[in-house]
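Line by line, the protein sequences give chains A and B.
The first sequence begins at 281 in our numbering and counts up by one.
The second sequence begins at 281 in our numbering and counts up by one.
Calculated from the structure, these hints are not laboratory results.
Errors might be hidden in some of the hints.
Since the list gives no way to pick one copy over another, a pair counts as held whenever it fits inside one copy or between any two copies.
Only pairs whose alpha carbons sit at most 30 Å apart, straight line, appear in this in silico DSS-like list of lysine-lysine [as the list claims (entries may be wrong)]:
hint, residue 1, residue 2
1, Lys387, Lys569
2, Lys429, Lys342
3, Lys429, Lys479
4, Lys540, Lys363
Number of protein chains: 2
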Amino acid sequence: MKLIDGKAISAQIKAEIAQEVAEIKAAGGKTPHLVAVLVGTDGGSETYVANKVRTCEEVGFKSTLIRYDNDITEEELLACVDKLNKDSDVDGFIVQLPLPKHISEDKIIEAIDYRKDVDGFHPVNVGRMSLGMPCFLSATPSGIVELLKRYEIETSGKHCVVLGRSNIVGKPVASLLMQKGYPGDCTVTVCHSRTKNIKEICLEADIIIAALGVPEFLKGDMVKEGAVVIDVGTTRVPNAERKSGFKLTGDVAFDEVAPKCSYITPVPGGVGPMTIVSLMKNTLLAGKKAIYK
Amino acid sequence: MKLIDGKAISAQIKAEIAQEVAEIKAAGGKTPHLVAVLVGTDGGSETYVANKVRTCEEVGFKSTLIRYDNDITEEELLACVDKLNKDSDVDGFIVQLPLPKHISEDKIIEAIDYRKDVDGFHPVNVGRMSLGMPCFLSATPSGIVELLKRYEIETSGKHCVVLGRSNIVGKPVASLLMQKGYPGDCTVTVCHSRTKNIKEICLEADIIIAALGVPEFLKGDMVKEGAVVIDVGTTRVPNAERKSGFKLTGDVAFDEVAPKCSYITPVPGGVGPMTIVSLMKNTLLAGKKAIYK
């Protein structure tokens, strides 16, 4: 069993990005600029956004954090998006999700100029990904695929079972892994809450991507010997022994599953660190206008 | 075994559309207007476009056919697209594929205003479909799903195996069938040329959608008792006995497979007639501005 070290890989990629940014700056080019918009004071969102801003600093990007109170109107937030769309100093921006219930997330995402949509959530980027065209890849699926690449895990002809059909993980990672070429060419099965005999399906998988958000869903008896297991779950399970009051728990019963795997990601330290790095990669591409002019 | 009669269903839907168009006209509304652009003189394309124009007449749409020689430049075709985008009398239009090699199909498709993209090929429509948002559904996948609906075939929790990963059939039909709600909630497996043990995977399927373009690929011993089989293949296999010189052949070895099925589509007369009807449905939606303003 080999542990997939997302923390180490993400550090490596950050160093690669920092190197490229330094070269761009040395050549007199524009410093990539990421703007993060945070509405309200949700604990998870605060942490994610703080990490994104800190990572921008690490790789040499310019970053700006725009904060709004929970009671901002949809119109005000749309006006903010419009301003960022038009600001030529802003290469990419994200509006941290979830948003308060009185604001339509779909409406906000669609209002973002897809050429600055470094989260890869806009329909244009989702559609281009599905069609196999250059685009901003959604961060978590892109991070998963990058891990497979860096560990040189074979994907061609492998049966990949994706657990979960969310718009931000399940569907896009399934889409990426069925594309032609490496890392793709997988036979892909997408399972979800309505799936019957999920255990039998998992037992046939060469690669399992668990993204249901159900803590320790995948048990040892659901995984075949030698499988590759990627755990996308990050549920905060209450835990009195922790200072934070919770334990970050994946979708995989790690202790049971790990001994059977050829490769497995831990939680934390697996997919998590890759997500932010994917956002940085998109921001660099946006800064270089490598995908859209 | 029950034969899925695409011809009868498509006639029924055409009658429904014609009824609605008559009501729109009676109320003084605008007649939906579809424009088809045909480049060159490919036999298949000629037939398809002629059918589309004829079907427009049947349902009471206005239709216009624009023809270009094979040697039209990309710039000229883009100018045509631009003109149609701006023409407020045109509700929807299609550029018949394939195009000559010197013209980028991606470029042409992306140039079409997605609000008039009644083929559902533009990245915005592909992305919105994947995200489960209202959009113009790509015609063949939409026709397949409509057949399942009209025959009240259960899909929730069913294992659907899609053979083929093309941008116009395999990927979008997989995407539709994994969405929440009916007709969706399937566990979906996408197989393709790189898939190993395709026979074993097909044997587990409750629903098989064959869209590889390989005549009679799916044999009797690859299908379990009671399966639903949808045949999307339409290969022109040379046949001296036919007046046309060819026989339209599906991806399913019909004589072997049919006896095992609960439902099966024939070729021709199954999915084929549904494709044009889906285009008409999109055109009606475009005329009513039901999806985009």
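Regarding Lys387 and Lys569, is the shortest C-alpha distance of 30 Å or less found within a copy, between copies, in both, or in neither? Answer is both; intra-copy 25 Å and inter-copy 18 Å each pass.
Between the shortest in-copy and the shortest cross-copy C-alpha distance, which are at most 30 Å for Lys429 and Lys342: within, between, both, or neither? Only inside one copy: Lys429 and Lys342 sit 29 Å apart there, 52 Å across copies, limit 30 Å.
Please sort Lys429 with Lys479 into within, between, both or neither, judging by C-alpha distance up to 30 Å. The answer is both: 27 Å in one copy and 29 Å across copies each meet 30 Å.
Indicate which option fits the pair Lys540, Lys363 if close means a Cα-Cα distance not exceeding 30 Å: within, between, both or neither. Neither: 52 Å inside a copy, 60 Å across copies.
In this structure, the one hint that does not hold is number 4.
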